[in-house]
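J.: Could you build the full structure based on these sequences and the hints that come with them?
Protein chains in written order, with full-length UniProt numbering: chain S, 1 to 442; chain G, 1 to 442; chain R, 1 to 442; chain Y, 1 to 442.
None of these hints come from the bench; they were simulated from the model. One or more of the hints may lead you astray.
Each pair may be met inside one copy or between any two copies, as identical chains are not told apart.
As the list claims (entries may be wrong) - The calculated DSSO-like cross-link candidates involving lysine-lysine, where the alpha carbons are at most 27 Å apart (straight line), are:
| # | residue 1 | residue 2 |
| --- | --- | --- |
| 1 | K264 | K206 |
| 2 | K130 | K120 |
| 3 | K264 | K409 |
| 4 | K224 | K409 |
| 5 | K425 | K95 |
| 6 | K113 | K425 |
There are 4 protein chains.
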Amino acid sequence: MKSLNTHFPKIGKIAYEGPRSANALSFKHYNPAEVVDGKTMKEHMRFSIAYWHAFRGVGSDPFGPGTIVRPWESGKDPVSVAKVRLDAAFEFFQKIESPFWCWHDRDIAPEGKSLAESNKHLDKIVAHAKGLQKATGVKLLWGTANLFSNPRFMCGASTNPDAHVFAYAAAQVKKAMECTVELGGENYVFWGGREGYETLLNTNLKREQDHLARFLHLAVDYAKQIGFKGQFLIEPKPKEPTKHQYDFDVASGIAFLRTYGLEKYFKFNIETNHATLAGHTFQHEIEVAAAAGALGSIDANCGDQLLGWDTDQFNTDVRELTLAMISILKAGGLGSGGFNFDAKLRRPSIDVDDLFHAHIGGMDAYALAFKIARRILAEGKFESFVADRYSSFDSGYGKDIETGKATFKSLEKLVLTKLGEPTPKSGKQEYLENLLMQYLHG
Amino acid sequence: MKSLNTHFPKIGKIAYEGPRSANALSFKHYNPAEVVDGKTMKEHMRFSIAYWHAFRGVGSDPFGPGTIVRPWESGKDPVSVAKVRLDAAFEFFQKIESPFWCWHDRDIAPEGKSLAESNKHLDKIVAHAKGLQKATGVKLLWGTANLFSNPRFMCGASTNPDAHVFAYAAAQVKKAMECTVELGGENYVFWGGREGYETLLNTNLKREQDHLARFLHLAVDYAKQIGFKGQFLIEPKPKEPTKHQYDFDVASGIAFLRTYGLEKYFKFNIETNHATLAGHTFQHEIEVAAAAGALGSIDANCGDQLLGWDTDQFNTDVRELTLAMISILKAGGLGSGGFNFDAKLRRPSIDVDDLFHAHIGGMDAYALAFKIARRILAEGKFESFVADRYSSFDSGYGKDIETGKATFKSLEKLVLTKLGEPTPKSGKQEYLENLLMQYLHG
Amino acid sequence: MKSLNTHFPKIGKIAYEGPRSANALSFKHYNPAEVVDGKTMKEHMRFSIAYWHAFRGVGSDPFGPGTIVRPWESGKDPVSVAKVRLDAAFEFFQKIESPFWCWHDRDIAPEGKSLAESNKHLDKIVAHAKGLQKATGVKLLWGTANLFSNPRFMCGASTNPDAHVFAYAAAQVKKAMECTVELGGENYVFWGGREGYETLLNTNLKREQDHLARFLHLAVDYAKQIGFKGQFLIEPKPKEPTKHQYDFDVASGIAFLRTYGLEKYFKFNIETNHATLAGHTFQHEIEVAAAAGALGSIDANCGDQLLGWDTDQFNTDVRELTLAMISILKAGGLGSGGFNFDAKLRRPSIDVDDLFHAHIGGMDAYALAFKIARRILAEGKFESFVADRYSSFDSGYGKDIETGKATFKSLEKLVLTKLGEPTPKSGKQEYLENLLMQYLHG
Amino acid sequence: MKSLNTHFPKIGKIAYEGPRSANALSFKHYNPAEVVDGKTMKEHMRFSIAYWHAFRGVGSDPFGPGTIVRPWESGKDPVSVAKVRLDAAFEFFQKIESPFWCWHDRDIAPEGKSLAESNKHLDKIVAHAKGLQKATGVKLLWGTANLFSNPRFMCGASTNPDAHVFAYAAAQVKKAMECTVELGGENYVFWGGREGYETLLNTNLKREQDHLARFLHLAVDYAKQIGFKGQFLIEPKPKEPTKHQYDFDVASGIAFLRTYGLEKYFKFNIETNHATLAGHTFQHEIEVAAAAGALGSIDANCGDQLLGWDTDQFNTDVRELTLAMISILKAGGLGSGGFNFDAKLRRPSIDVDDLFHAHIGGMDAYALAFKIARRILAEGKFESFVADRYSSFDSGYGKDIETGKATFKSLEKLVLTKLGEPTPKSGKQEYLENLLMQYLHG
Ligand SMILES: [Co+2]
Ligand SMILES: [Co+2]
Ligand SMILES: [Co+2]
Ligand SMILES: [Co+2]
Ligand SMILES: [Co+2]
Ligand SMILES: [Co+2]
Ligand SMILES: [Co+2]
Ligand SMILES: [Co+2]
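T.: Following this line, the structure appears as structure tokens:
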């Protein structure tokens, strides 16, 4: 494994130094080499860096352009710049101990004047990335196609009213899937950033959803053709940039997949900030996906719950993450998925070391949450409380209800003749919240 | 038909007097007898009065008890009071020209000390109501069981962790279904007011959803047994009273129904205020239900979009209603459903005539929206705009996409060799919004 | 007056054609020449075009770059382009019958490599604009300085922790005030787009507010020096781009102004979308400003109440505008203020005629609301209802309360000995809402 | 001091057992006797129990009546019941180690048929409470009058359009102030639960605010007459029960107080849940009050940021509380204020021990936050970071700006001739968030 050290000469590999280290550029909780249950923490956590935010984010917002200037952003032509940027990125991946990365096609390679030229650029960059992956051991968690930035997609990609745009999007996803395969990507993601509407006044909602389903079926077909064995993931988001997006939340995604016979092929990539924008907790979305056997991967970030847009912040709220991690671990983990830091620096965080601080915080918070959640599950207090709470369904007429032996008639008879009035039982929420606080600050 | 005139002696039958009448106690737009396309407006609109708000609402809120005192609320025992109240209600239904009403079991009849006693009360009241229905011609749009007020349901009814409560709820719904049949109800509604959770810390989300599905299957089975031919309806609501309800919105409902094989038996009762609490427009929820062939009925009200709870106000926003009505009419109408005023008087609206004002406003607003929407659809400007917008899918490779003949490969080839770059086309939202304003204020 | 006709050759002056005209490019309600109460509608409405949206808006959003390409956007250098753009703008102002325009310094003239160069550019453009104003009769409603886009302002302008940035901002506002005077601007606006914080962890809130107050005092001083007689206006906004802005809403602005002795010098520029982002209705913010004698001007747009960011849409909701207009007219109008369309085209509205449609809709909606509000006030039904409602304070002990003659003691005695228990009176909200509906759709 | 032990025979005095105790009915962080800086933790924290939630809360919500049944709730007449309830409460206060309590007049004593009778009831209960205070050493943090529950207040108390209601409210507050004095209350609170409006259609906003101001002036006058030396507090809340409340947030309160010359007499009682309903963080409201020298007391609870109503939950989010505590300690603490648990049990938390769990959690969370905040301030890392960040204002032209020596002209000259372009400096938000995480989970 080659140790890259060109673009961040002042910052070496981030070391684990324990919870009390005074060194801000060290891990306090994420110890990549620590072995837990026969696997290293690096293997457990499956962290991934989001190329778009970490290496294409410039700190722009709707009221101002970029604030961040990186030294490696120069070169004789866009492809050359893209290659050097990739070198810097892999150096960062290595130093921050991230085993994975993720990309959109247009993040890593510049868009050309035609699709053919864009594809050529992409080929060059993918070849370069392949070399860097080999040299560093960093792997691709997932790839995806950017079908939302270019003006051609302003009214959607597969849901665009113009069939020409559907065709263009199909061609672009085809290529992005090929590149994902080429780089050994373990998943492929669909985030329908403009697959929604601005106003129903100009929209045929049903026809658009039909087109979206057709598009996904074509992707499934093409995956078979090229032997892509990775997992397809849908990333729900309720709104922004559009007024309303079809994959509003996990439940909407399930409704869509089942309506169109796609449920076998897709799982969900759940983003914390998208969950809260949809009115759900992060943990809720995980539980809904898990109940459907469709928990795929995590876009690890958070929003500001007093703000109504996707702030994509680094999440250091260990309480929120512990709750999420409990549900993830109970569901058996993420499989081929991972924790991808789809999070961006605040606009004024312009220093190179801010990029490190941000990811260190995110990784530490997740690693700590993982450890606390494991301890909680090992001690089983919450789980046994919940099991007891539902135990009336484990035998007798409760079991008959679950197994389908009871009917309205038999249950009515039971109530009228034997059971009478139920006795309310406390839900003990405050007791449980105190217990959680104790695990978090014990 | 008997004309009732005991409880509102100062207010006669509300007459249609046209848009400029200075009489506040007249209809300005709802002319029940007006014939449109071979049906009266009364038949078109299928208005319904919600018994719980109109006759059990007292103006309480979380910070104060009831403010409304009705003269008919007295009698020697609860059942007697309930009968007189029902007399007053039918007089109101008649005077306000509402062809339908809706109830929860516990609205119309008092809860007894046991289920058996409650059932007896209910039987007496149902008999009384049957007489009033016959005398006045007012019909039952739907019945439902209140499975959320009594403390026994504080942790849910069919999703309660205690099987005893599931059994009790089953018995109660069985009876409510029987009463609905007895009164010729055209639909039966399930609103899962406590079918959700307060905290995931004490909840088995999957097991609760399994129980909810089992419950609905039992209802379907029982409907067959008793020959109930009406439509089952689910009324989604995202939250309140619980932190999170399983039937969050129409899409969640579809996901749930399809996951558990219930989609054939249920449609949706869409409430305006529940739509906006879930982050959707009223029209959006209608469109989602319509796309699934599951548009059932409407709970006609509105919320205050700056407030985060279910305000259940009477809706006089003709713009919002016109948009909704366009989507309803395009979907072929509500079938066995109707427009049920699930709306309550503001706490300070304590006069008897406020009850009339409120419903007059709601009916007029809906009737006007209906007329404007019909005019919009008759002139076809929006529809032809939308049809044109998607016309590239009507022939050529667009049609191939819809019919499944295109593949990622064929589309890529098309783009690379023929189509090139798509030309963005304006969505013309502002033009369309102006057109709508013209219909509303032309 | 010169009639410009170069950049929109296919679109002539927009004519008033009445409510039923089938010509989308006509006014339905705004008839500039119509005389109402001795003043033309053009004089009454004091419409203004926001240069930044109308002529610098390109349809970008956080997930994609601009979609809008204008033919006049070319030239040998930025200043030349800026001049041609200004020509196009004034042609638009003239054709759309807008008597006013508004700008930020950096909208109209390109930023140079130094402040000195920026000032030179600005001088050239202001001279050009002065000629265009003279030629067309279009006047400047207000000017302002953009203190939020450039990365130097990323942590605030006058509230920046770096005194250097405060100084820079001071210099920039000085110049913008001079330019406003040069162009006869009737007001000068302060919108503190970054005068707030991203996190309290790095913020001295008190010191920042002290600096903001100092800055405004310096502006007041400088206005005296240069003889600027126009009105200073603060435009509140709760958040976005920052997490929290100091001028959160009108009430926060009043608290700030009074705390720092600035209340004599400032009124408020109220933006509809900012009102709703702050949790208030548009009408509420107008009423709060009016109660403080500080109603200055209006940024005319609207948001989408289901979206949590500043969508700055053109407002065609005549109901919302009528309510606002009632409060504005009751407060005696806007004085030197006007209705400035701080509204932008939706991203897919890329046609030149969309710019016309959007403003036509906004103007028509406001003009119609103005007319309805005048009719409402002329008939006085709402006003006399409200006057009656409070009439107990017009005489007797009610008047004693208002005039300060009553005390807790005297009032207690009154209640204990004479008054007893008050009788609740209905607020009659539904009746009033019906009345409003009748005015809107009569 | 008498040890009460009648109503909670199974639960003794809650003991401090340290962070790892397995006993749920022990304090993990709040050690009342622990001496910190010469004062016990009990003296530092000044905890208070809110009588209304703890002893009058029954678990009702808008969709169902109470679920909580307490054994002490019986007796021959309402006043007798009220006395026993008070006995139970003081036993609870003592066992939970709370040095203070708070009440509304109507919580502690039943409302009679007339004001005179209500006052008599109140006198009896106040006498009883005085005895209990003496016996247990528990003191009154603040009293207040309930001016929102009774239907007479449905349109406001001091802002009611009916002068009769103003008079009634004056009489009621007069009595509540007298009772507060009698019980040695250290503060008196005004929460304007209905001092707002449901609709502007029927409201004279200015006149209502004038009346509210008059009312507060009368209270100030009466306090002088009766020698009440405690602090008057306004408790802001943006909405609920009304659509809009005049004391929307702290800034609105400051605007109001300064507009009416009341700022000398009032500070703020800040409630966490009201802060977030108004769109602010808890810490923000504290900082705004502190900047105005008006930080009075805290209503300690939290909301659910995904729910739009006042959930009044017990707060165990140590992160949120630590941030708040940093700002409180920096402001010099709460003076005569305290931390009052204005928090209620979740509806299904019906057991008596839930009341203990809930308050133990709230107390522990605050005590832990207090300790962490003290450590943070002692180490000074955040404070010195912030001081450095603004240090350019400590000398040179920065100091000239603060001291009023600089002008727009002098600053422009400085920029043009010396300073040139400022260099942006990182705000280092992620670094600071990591540091906070380390303090919370170190
Ligand atoms: Co994401
Ligand atoms: Co995001
Ligand atoms: Co409903
Ligand atoms: Co509702
Ligand atoms: Co604006
Ligand atoms: Co705006
Ligand atoms: Co409170
Ligand atoms: Co509260």
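J.: The structure should be examined with respect to each hint, and the outcome stated for every one.
T.: Now for the hints, and whether the structure bears them out:
no.: 1; hint: K264 / K206; result: both (22 Å within a copy, 19 Å between copies)
no.: 2; hint: K130 / K120; result: within (15 Å within a copy, 51 Å between copies)
no.: 3; hint: K264 / K409; result: between (37 Å within a copy, 23 Å between copies)
no.: 4; hint: K224 / K409; result: between (50 Å within a copy, 13 Å between copies)
no.: 5; hint: K425 / K95; result: between (53 Å within a copy, 25 Å between copies)
no.: 6; hint: K113 / K425; result: between (67 Å within a copy, 20 Å between copies)
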